[in-house]
Amino acid sequence: MIKAVPKPIEEIIDLVKNFHKVLIVGCDGCVTVCEAGGLKEVQILAASLRLYFTQAKQRLDIDEATLTRQCDREYLGQLKDRIDAYDAVVSLACGCGVQFLAERYQDKIVYPGVNTCFMGVDLERGVYAERCQACGKCILASTGGICPIARCSKRMLNGPCGGSEKGKCEVNPDIDCGWQLIFDRLKILGQLDRFEQPVEPKNWASSRDGGPRKIVREDLRL
Amino acid sequence: MNSTTPSRLEKVLAAGHQAVTSEVGPPRNCDGSVIEHKAQMIKDYVDAINVTDNQTSVTRLCSLAACIRLKLMGLEPVLQMVTRDRNRIALQSDILGAASFGICNILCLTGDHQHFGDHPNAVNVFDLDSTQLLQTVRMMRDEGHLLGGHQVEPRPQMFIGAAANPFADPFEIRVPRLAKKAAAGAQFIQTQCIYNMEKFKLWLKLARERGLTEKVAILAGITPMKNVGMARYMKNRVPGIDVPDEIVKRIGGVPKEKQAEEGIKLAIEQIQELKEEEGVRGFHIMAIEWEEKVPEIVERAGLYPRPQIN
Numbered sequence: 001m002i003k004a005v006p007k008p009i010e011e012i013i014d015l016v017k018n019f020h021k022v023l024i025v026g027c028d029g030c031v032t033v034c035e036a037g038g039l040k041e042v043q044i045l046a047a048s049l050r051l052y053f054t055q056a057k058q059r060l061d062i063d064e065a066t067l068t069r070q071c072d073r074e075y076l077g078q079l080k081d082r083i084d085a086y087d088a089v090v091s092l093a094c095g096c097g098v099q100f101l102a103e104r105y106q107d108k109i110v111y112p113g114v115n116t117c118f119m120g121v122d123l124e125r126g127v128y129a130e131r132c133q134a135c136g137k138c139i140l141a142s143t144g145g146i147c148p149i150a151r152c153s154k155r156m157l158n159g160p161c162g163g164s165e166k167g168k169c170e171v172n173p174d175i176d177c178g179w180q181l182i183f184d185r186l187k188i189l190g191q192l193d194r195f196e197q198p199v200e201p202k203n204w205a206s207s208r209d210g211g212p213r214k215i216v217r218e219d220l221r222l
Numbered sequence: 001m002n003s004t005t006p007s008r009l010e011k012v013l014a015a016g017h018q019a020v021t022s023e024v025g026p027p028r029n030c031d032g033s034v035i036e037h038k039a040q041m042i043k044d045y046v047d048a049i050n051v052t053d054n055q056t057s058v059t060r061l062c063s064l065a066a067c068i069r070l071k072l073m074g075l076e077p078v079l080q081m082v083t084r085d086r087n088r089i090a091l092q093s094d095i096l097g098a099a100s101f102g103i104c105n106i107l108c109l110t111g112d113h114q115h116f117g118d119h120p121n122a123v124n125v126f127d128l129d130s131t132q133l134l135q136t137v138r139m140m141r142d143e144g145h146l147l148g149g150h151q152v153e154p155r156p157q158m159f160i161g162a163a164a165n166p167f168a169d170p171f172e173i174r175v176p177r178l179a180k181k182a183a184a185g186a187q188f189i190q191t192q193c194i195y196n197m198e199k200f201k202l203w204l205k206l207a208r209e210r211g212l213t214e215k216v217a218i219l220a221g222i223t224p225m226k227n228v229g230m231a232r233y234m235k236n237r238v239p240g241i242d243v244p245d246e247i248v249k250r251i252g253g254v255p256k257e258k259q260a261e262e263g264i265k266l267a268i269e270q271i272q273e274l275k276e277e278e279g280v281r282g283f284h285i286m287a288i289e290w291e292e293k294v295p296e297i298v299e300r301a302g303l304y305p306r307p308q309i310n
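Chains as they are written, first to last, in full-length UniProt numbering: chain A, 1 to 222; chain H, 1 to 310.
With the rest of the complex left out, here is chain A:
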């Protein structure tokens, strides 16, 4: 799932301080799971801002809303009757939600309230780790189910490099060496023979390098 973290409150205060009426819009999708932009976080942010501006003796009305998903036109439409009442909107959705909201309401100022980070998993509550860079052509079948693009700091396809020590990446001892993980897993699976065949240069056209991507599933279209 997409992982995000809340922006520092000071940054949001700076964004909204010159408005009179602001709507904070959460999303019940990924950002709820990673506790960055769901109903609860909307309530906390709104309460914090109200407290700040009250203490600063500054008039700023803050309202709250949380949509099922901001990356979906149908749910964005739920705001159409009320959004005109606001000077600006702070979206706590991921970057997709913020942009889709801005696209739907062209004349409305929309600010991001979270920093969108990566596609990852929940290791434990409050600990999220990157697992995929959405390169568009999955090679997990040949790497023991561990992605060297997401998990090797150098994105090596023929790794490991010479900097791996005790299973950790040279960049940071908190990062597992992706290729050590691949090696260990291939060993368990009895597939170490896969390693010696040089892997050809990757076609990055299905990745961001091919320009902004779009999927058209004819079988799903109405």
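Incorrect hints may appear among the rest.
[Said to hold, decoys possible] Using 25 Å as the maximum straight-line C-alpha spacing, the simulated BS3-like pairs for lysine-lysine come out as follows: (1) H:Lys-201 to H:Lys-258; (2) H:Lys-215 to H:Lys-235; (3) A:Lys-187 to H:Lys-199; (4) A:Lys-202 to A:Lys-214; (5) H:Lys-199 to A:Lys-166; (6) H:Lys-256 to H:Lys-275; (7) H:Lys-258 to H:Lys-226; (8) A:Lys-21 to A:Lys-108; (9) H:Lys-215 to A:Lys-168; (10) H:Lys-215 to H:Lys-226; (11) H:Lys-293 to H:Lys-235; (12) H:Lys-215 to H:Lys-249; (13) A:Lys-168 to H:Lys-199; (14) H:Lys-205 to A:Lys-187; (15) A:Lys-17 to A:Lys-7; (16) H:Lys-275 to H:Lys-226; (17) H:Lys-215 to A:Lys-166; (18) A:Lys-166 to H:Lys-235; (19) H:Lys-249 to A:Lys-166; (20) H:Lys-205 to A:Lys-166; (21) H:Lys-226 to H:Lys-293; (22) H:Lys-249 to H:Lys-226.
Since the hints were made in silico from the structure, they are not lab data.
Based on the hints, put chain H in the right spot on chain A.
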């Protein structure tokens, strides 16, 4: 092993001599005379001179330009090329440019992560890795085309090298990794600095058993220690370098003013010990910012004079 390129390094190896290479690190400015000065110091004591490519991810005068300077001095450069900073278009373009100046040795590297250098906030590229760069150079030379398919005539006549680190983890994959680089096109290998002899010899033995020392010429990496501080730094701070405690003790066990001489002595002993090892075809002396000591090491290790090969 028959030589197939104009490379003097390849000819030295093909003639059965123990090869000696060393390296110059370009300056962090545009003063090309630094390269010429360093190269002058070592030129009669080595068969070829590597030029590092923004080593440790620190921005320096570019490897290709420095190699051209060496070439203009009548010397034999080894173009080090990392995949960190350039995509396949720029890498292939630089290979063609190098070949246009008659540069005919290349060392294919992935490169240190930019995290360690002077621009830790830079975007990295890593479009290819070192193995894929090896494949690319071999394809350009042997098949005469670029990765994109365009035919290249004349073809870049490169003697192709790679690095190997017998000391990084997991150890079990180090020989398969060498095999992979050999399969991808590596003809010579320059190893990481050797301090843990036991581990190096085990790696070499496993490589010999697989016939890899017949396929690639292994040049053992030698870096003289300047003092105990450097020994400790290499042990604790440089990823992938294995400095056993006894080495730190040995360098630290002599008075400060004699530590440099002890480091040189150790390097010479390492070379003499490795000369006897089957599968070691020469030495790559990485005297980091200590190029002036290379002649002495080469001479005292019995590797001087260098063979005359045209």
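Hint-by-hint comparison with the structure:
Using a Cα cut-off of 25 Å, the hinted pair Lys-201 (chain H) and Lys-258 (chain H) is violated, with the two alpha carbons roughly 29 Å apart. Taken as a hint, the Lys-215 (chain H) and Lys-235 (chain H) pair is broken in the structure, with Cα atoms around 31 Å apart against an allowance of 25 Å. Annotation: proposed proximity of Lys-187 (chain A) to Lys-199 (chain H) holds, straight-line Cα distance about 22 Å (limit 25 Å). At roughly 20 Å between alpha-carbon atoms, Lys-202 (chain A) and Lys-214 (chain A) fall within 25 Å of each other, so this suggested pair holds.
Distance restraint check for Lys-199 (chain H) and Lys-166 (chain A): the Cα-Cα separation of roughly 15 Å lies within the 25 Å cut-off, and the hinted pair is therefore satisfied. For the suggested pair Lys-256 (chain H) and Lys-275 (chain H), the alpha carbons sit about 30 Å apart, so the restraint of at most 25 Å is broken. For the proposed pair Lys-258 (chain H) and Lys-226 (chain H), the alpha carbon gap of about 10 Å is at most 25 Å, so the pair holds. Our distance criterion of 25 Å between C-alpha atoms is met by Lys-21 (chain A) and Lys-108 (chain A), whose separation comes to about 12 Å.
Pair hint Lys-215 (chain H) plus Lys-168 (chain A) does not hold up; C-alpha atoms about 31 Å apart against a cutoff of 25 Å. A C-alpha spacing of about 34 Å is found between Lys-215 (chain H) and Lys-226 (chain H), which places the hinted pair above 25 Å, so the restraint is violated. For a cut-off of 25 Å, the pair hint linking Lys-293 (chain H) to Lys-235 (chain H) stands: about 22 Å separates their Cα positions. Taking the CA atoms of Lys-215 (chain H) and Lys-249 (chain H), the gap is near 37 Å; set against the 25 Å cutoff, the hint is violated.
For the hint pairing Lys-168 (chain A) with Lys-199 (chain H), the CA-to-CA distance comes to about 20 Å; that is within 25 Å, so the pair holds. Taken as a hint, the Lys-205 (chain H) and Lys-187 (chain A) pair is honoured in the structure, with Cα atoms around 22 Å apart against an allowance of 25 Å. Restraint check for Lys-17 (chain A) and Lys-7 (chain A): satisfied, since their Cα atoms lie roughly 15 Å apart, inside the 25 Å limit. The straight-line distance between the Cα atoms of Lys-275 (chain H) and Lys-226 (chain H) is roughly 23 Å, inside the 25 Å bound, and the hint therefore holds.
This hinted pair does not check out: Lys-215 (chain H) and Lys-166 (chain A) have alpha carbons roughly 30 Å apart, beyond 25 Å. Our distance criterion of 25 Å between C-alpha atoms is met by Lys-166 (chain A) and Lys-235 (chain H), whose separation comes to about 14 Å. Using a Cα cut-off of 25 Å, the hinted pair Lys-249 (chain H) and Lys-166 (chain A) holds, with the two alpha carbons roughly 23 Å apart. Among the hinted pairs, Lys-205 (chain H) with Lys-166 (chain A) is consistent with the structure: their alpha-carbon atoms are about 23 Å apart, no more than 25 Å.
The straight-line distance between the Cα atoms of Lys-226 (chain H) and Lys-293 (chain H) is roughly 10 Å, inside the 25 Å bound, and the hint therefore holds. Under the criterion of a C-alpha separation no larger than 25 Å, the hint pairing Lys-249 (chain H) with Lys-226 (chain H) is consistent with the structure, at around 14 Å.
The structure fails hints 1, 2, 6, 9, 10, 12 and 17 (numbered hints given earlier, in ascending order).
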